[in-house]
Structure formats: C-alpha cells, structure tokens
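Protein sequence lines, in the order shown, are assigned to chains A and B. The opening residue of the first sequence carries number 1 in this note's numbering; numbering runs sequentially from there. The opening residue of the second sequence carries number 1 in this note's numbering; numbering runs sequentially from there.
In case anyone wonders, no lab produced these hints; they're calculated from the structure. Glycine included, each C-beta is placed from N, C-alpha and C at the ideal position. Misleading hints may appear alongside valid ones.
Claimed, not checked - Across the chosen pairs, the derived CB separations fall in these ranges:
#1 B:E34 - A:S380: 44 to 52 Å
#2 A:L193 - B:D141: 56 to 64 Å
#3 B:S215 - A:S118: 54 to 62 Å
#4 B:T27 - A:G254: 29 to 37 Å
#5 A:V34 - B:S115: 26 to 34 Å
#6 B:T222 - A:G53: 28 to 36 Å
#7 B:D136 - A:A165: 22 to 30 Å
#8 B:D146 - A:V162: 35 to 43 Å
#9 A:P178 - B:S115: 40 to 48 Å
#10 B:T330 - A:P137: 33 to 41 Å
#11 A:S23 - B:A26: 40 to 48 Å
#12 A:A165 - B:D146: 22 to 30 Å
#13 B:N221 - A:E177: 28 to 36 Å
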Amino acid sequence: MKKQTIDTRPAGPKPWYDPRVRSLFFQAIAIALVFWGGWVLVDNTLSNMQSRGISTGFGFLNETAGFGIIMNLVPYDATMSYGRTFWVGLTNTLLVSAMGVVAATILGFIIGVARLSSNWLVAKMALVYIEVIRNIPLLLQIFFWYFAVLSNLPSPRQSVDVGGAMFLNNRGLYLPEPMTQEGFGIVWGGILLAIAAVVGVRVWAKKRQLATGQIFPTFKVGVAILVFVPVISYLVAGRPLDWELPALRGFNFGGGITIIPELAALWIALSLYTASFIAEIVRSGILSVSKGQTEASKALGLPNGLTLRLVVIPQAMRVIIPPLTSQYLNLVKNSSLATAIGYPDLVAVFMGTTLNQTGQAVEVVAITMAVYLTISLLISLFMNIYNRAVAIKER
Amino acid sequence: MRKTKSIALGIALAVGTFTATGAMAATTLENVKEKGHLQCGVTSGLPGFSQPDEKGNWTGIDVDTCRAVAAAIFGDASAVEFTPLTAKERFTALQSGEIDMLSRNTTWTLTRDASLGLNFAGVNYYDGQGFLINKDIGVDDATQLDGATICIQAGTTTELNLSDYFRAKGMEFKPIVFDTSEQTVQGFAAGRCDVLTSDRSQLAALRSKLSDPNSAKILPNTISKEPLGPVVRQGDDQWFNIVKWVLSVQINAEELGVTSANADDMLKSDNPNIQRLLGTDGDMGAKLGLPDDFGHKVVKLVGNYGEMYDRNVGPDTPLGLDRGINALWTEGGIMYAPPVR
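One chain only, chain A, in its complex shape (with noise of 0.2 Å):
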C-alpha cells in the first residue's frame, strides 16, 4: 500500500501577512514612484522648455563653435563643433586634475612625515605650512598665485632667458619641444627593452633573496639600466631627435612646448593646498601603527629606512587611503575654479562659452555634472581596488 504523506506543518500565511511578500510589494511600490517621478520631471522639463521656445536636444554639440581656446591638448580650431570643445576642456580639466593628485600627494607625504620628525625646526615648519594653507580659501590662493605672481613676471621683450632654450615671462614658460625624426623607434624599442630588463631584474634578485638570503641592490642597478640602455640606443639610431626652441616673433614666443600661467597658477596653488590636508591624513596612519611594531623592528636590527618601508608604511596605508580617496576627489572637483582665473577647463569652456553661445543650459549642465560624477566614481573605484591590495590580509 502507497504511504500518503501528510504534511503536517501548519499552512503558510497568506500572502499579504508574508513579511516577505509585503516588503517585496512596498519595495516595488517605492520604486515605481521614483521612476515615476524622474519621468515627470523630464517631461515636465521638455515641454515646458518648448512651451517658452527654448531650443532642445543635443544636435547642438556638432555646430561649429566659432570660438578659440588658448590651451588644447587635442587638436581644435575655431571651425570645429561645440562638441570637440567639450573634448578640449575635458582633457584640460583631466591634465590639471592629474598634475594636482600627483605632486599634492608627493608633497603631502613629504610634509606628514616632517611633522613627525624628531628635529623640532622641521616639525614646527611642517606645521605652520598646513595651518596656514588650509585655513585660506582655495579661490584665495588661486588668484594669490596667479596675479601676485603673474604681474611680477617681466614683458615677452624683457623675458628671463635660460640658455637661450627655455623663457620665462608674463605669457608662460616656454620650454624647447622634441620633435623625433626617423629613426626614433630604435629609441622607443631600448626603452621598452631596459623596463623589461628591469622587471626581470627585480623577480630575479627577489627570488635570490628569498632562496639565498642575499640583498641585490636592485634600484640602482634599475636606474643604471633604465639610463644607459636608452642613451646607448639613441647614439646607435644616429641621434634621432630635433629640439624645435621657441623664439620671440612679433608678440610673442612662438615654436616650443608652452605652459601657460593659468595652468601653473591653478596647478600651484591645488596641490599646495591639498598637500597641506593629506599631510594630516599621513600622519594620522604612521601614528596609527603601534609604537611596539617599531621597537619590534629595531630590536630586530632593521635600520631606520627599512622600518619606514617594510614595517610602518604598509600598516600606516590602510588608514591613509579611505580619506586619500576624498582628498584626490575634491581636487577634481576644485579644480572647476579654474574658471576664475581664465584656465579653459571643462566648467570655463563648455558650460561657459559653450552654454551661453548655445543657450542650451539644462543639456550642458547635465553633461557636465554626468562628466563630474564619471570621474569621481572611476577614482574611487582605483582607489578602492588599491585599498584591497594592500588591506591587511589574514594569513
């Protein structure tokens, strides 16, 4: 005889007493209203902006723009569309950006450690430099850097001349430009040629380490490569390289690589200023790491510079990076003052020029902050990769 099987587990709610269920349902709800109201407000926003004869769309973005740009880092001219303009103040706006993180983090690890220096004139030092400059507005310090300096700077005809090759004057620095002639490959192949040879190097003498105990000096021989090899490949190729120098024609210098006050004085004065907040943050992880993991390290007869490097610093890292990460976010985002002092960032040329020779406000200010979001969303996810790298890892 078949064995009925009765279930004797007492029957489920109904579905609406399922908290399951329910929370399933007033989620969906709370969804659907928010989608709901973002769709209204576009529509509304559409309509009304064609109610009052205000143009739409993107179709402006490939219109000629008619307008020049002092610095462009992709090529443009006044005969290209509103749309390439929006390329030049992109790069722009990611060259000062990167410029800013690189020399604010440099210098800012600089100073957190000189503040904690046992030398009481560099501590004190250290300490007055981020007192004073992160207690004076950013917009402050950038006009500071640009007319202060900028007016002191002498006249193109009375420029201050370096050997003839590089001029500095109220215009900008001009530096000679390399301009590669045939041949130049052979030096590009020795360059990749010396960083593989260094790589090798470097797994090499780790693995010897490791086996032997044995310590290579590895950057040394890492420079010594990464110099010679080029050079000797740059003789071999017959010197395959031209120096275009600027020269004084008519107004200006013309010819040569140019950097223009604008970027130096915004460039100055964001990693200046983010420098002094990242210098706190550098100190905060190093005091972090416990004062026994040092003794630790000496005790096992571990110099100075190795402790920093092996013991305090990886430790010290995974404080420092969560509120890096906000620091290099704010200097992207500061660098938008740009617009201030005539630097043609994304903010100055396209949602400047660009929006009020178009009139198309709501379209432009839409790119630009999607733009704003993008790279600060890339930066923090670099970052958080970064942070899980060097997390502590339980072994």
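Could you slot chain B onto chain A? The hints should help.
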C-alpha cells in the same frame, strides 16, 4: 553663481508645469503690478551703462531704459529693483523668470532671438567691437595684431567676432577668457594680454578704470555690428510691446523736442504728434494696457532718448562718447522709431 542659476532654471522648468496653468494666466504686466516694482537685469558694473554709485543708486543708459518702463507702468521711475548679472548668467535669469526684463548691453543676434525663447525689444545703443591696446606695443591698426594675446569676457558675442575676424584676415591669436569685466581689466593691467577686446563703448569705460588710462589707447578699427537693447521673454506680446514702445516714445520725444523740462508745458501743445505721445489725445496707453499719460510720465521722469544718452555716456560724461550713429535719423544718425499713432 552661474552654476546655481542654471540649476535653478532646470528646477524651475522641471517643476514648472504644476503651476504652469496658473502662471500662464497671469501676464508679466499683472505680475509686475502685483509685486509693485519692476525686476530688471543689468550688468554688475559698467560705467555709463549700469553701475551703482556709492549710495547704491543705479545709473546708466541701460538703467534708465528700465526706469522708463517703470515710469510708464507705475508713474514712478524708482519702482525698479536691479539684479546685477554676468554675461553668462543673463539669459538664464530672464528665461527662469527671475527678472522681468533684461537691459544689460546685450547684442541682438539671430541665434539669441530665435533659440533662447527671448525677444529683443529694440536698440538703445548701436555699438561695435574694438580693441584696447597698450601704447608701448606701438601698434596702430588691428591688422598688425597677428599672434597677439587677447583678453575677453566670457559668454559674449565678442568671443565669436574676434575669432571670425582673425580667421578672415588669416591671423592667429591667443584668447584669455575671464568671467567678469573687472577680471578682464585686471588681466590686461597685469600684462597677461597685449590687447583687450570688447564693445567700443565699454572700452572707453574700461580704459577709465586703469590706474593710468593714458598708457592704453583704442584702435580705430570696428570689427562688428553690436546693436544693444532690452530683452524680454518670448510668449507675452503685451509685455514685449510695452518695452518696445516705451523706448520708441523716448526716441520720438527727442525728435519732437519734448524733454523732461518742458514735458508739462508740452501738454498744452496743439501738435497732434505730441498730443498722442503725451496722451492728451487718443488712447495709446490703453492699447498697451498702460495709463494713457504713460508717455508724459516716461519723458518727464526719465527724459527723452537724447537726455538719457547725454546724461550717461555723452561728451560731458567721463566716457565722453559722441552721438555718432546713435544720433537721430534727422541728424545723420540711425536712431529711428516708428510713429506713435
């Protein structure tokens, strides 16, 4: 500021529909009457056009254009509040309804008229773009400016004209774009650029701001047409007509010899043109939704166009600009208004 304004416009446009039916019913004129004053957008400080004095009173030809509209509506030239705007903020402020009219030496162009949802209500100053240059450089003509570094204010037609001019002449230039006209002058004074470019009337005003005005001169070239005038939002024809005809009344008043000093006596004139202008005959005001004596109020309280010009930018002011093409058509200029009839 600029960012806030643009975002404010976005919010205003986005949330607008909920109140749109109500807002559409009330015309700009009704709104202005209800507020009790006219909200007028002007420059943040440009001598002769709109600038506050040390007591906070605004003066200038653009300011007087606003005051004339207030005089026409309220019979009171002081019923105006001024909103200082940069070149980049101005259209957004008007589109979003933050101001009732814009009188901010704004150039009338096809793109602005047709794609911004705005209407230009006439011309109160015919201008053209010129160059201000340091005397030391020794340049006498704009065609010698190849390779020059040039300071400009952002968000103006100037940026486009400059680019067109240099391209047409096959010359190169380096633009330094500042946000406000003060920063532009500062950059020029600091030696960042060889040349400052702007409308010629502004160059005279900006030159007077230099610590040594004699160190710079204005080149003779005029590279563009810049008809400057008041602007209103599109879609309210009554308001558009009011602003347009208040300015026309001022120009007609000069032509007919009516001034703020003799406006009361002229009420007894038997010239039918003057009678219609001052409202002693006909119902010209009622057709616009204004009191019939609006013309009398405008001329008596603010003055005719010539008075407005002489008081703010004329030869006896620091700007010292001759009437030139801004003279009446009867006197060799191009200032011409349609008849009040």
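Hints, verified against the model:
Look at B:E34 against A:S380: about 50 Å separates their beta carbons, and that is inside 44 to 52 Å. Hint check: A:L193 to B:D141, Cβ distance near 58 Å, so the stated range 56 to 64 Å holds. Separation of B:S215 from A:S118 is about 55 Å and conforms to the stated range, judged on CB atoms against 54 to 62 Å. Distance hint for B:T27 and A:G254: a CB-CB separation of about 58 Å, inconsistent with the stated range 29 to 37 Å.
Separation of A:V34 from B:S115 is about 33 Å and conforms to the stated range, judged on CB atoms against 26 to 34 Å. A C-beta distance of roughly 32 Å is found between B:T222 and A:G53, which places it inside the suggested range of 28 to 36 Å. Restraint check, B:D136 to A:A165: a C-beta distance of roughly 27 Å satisfies the suggested window 22 to 30 Å. Between B:D146 and A:V162 the Cβ separation comes to about 27 Å, which falls outside the hinted range of 35 to 43 Å.
Distance hint for A:P178 and B:S115: a CB-CB separation of about 46 Å, consistent with the stated range 40 to 48 Å. In this structure, B:T330 and A:P137 break the distance hint of 33 to 41 Å, their C-beta atoms being roughly 56 Å apart. Between A:S23 and B:A26 the beta carbons are some 47 Å apart, a value that agrees with the proposed interval 40 to 48 Å. A hinted range of 22 to 30 Å for the beta carbons of A:A165 and B:D146 is consistent with their spacing of about 25 Å.
Between B:N221 and A:E177 the C-beta distance comes to about 34 Å, which sits within the given range of 28 to 36 Å.
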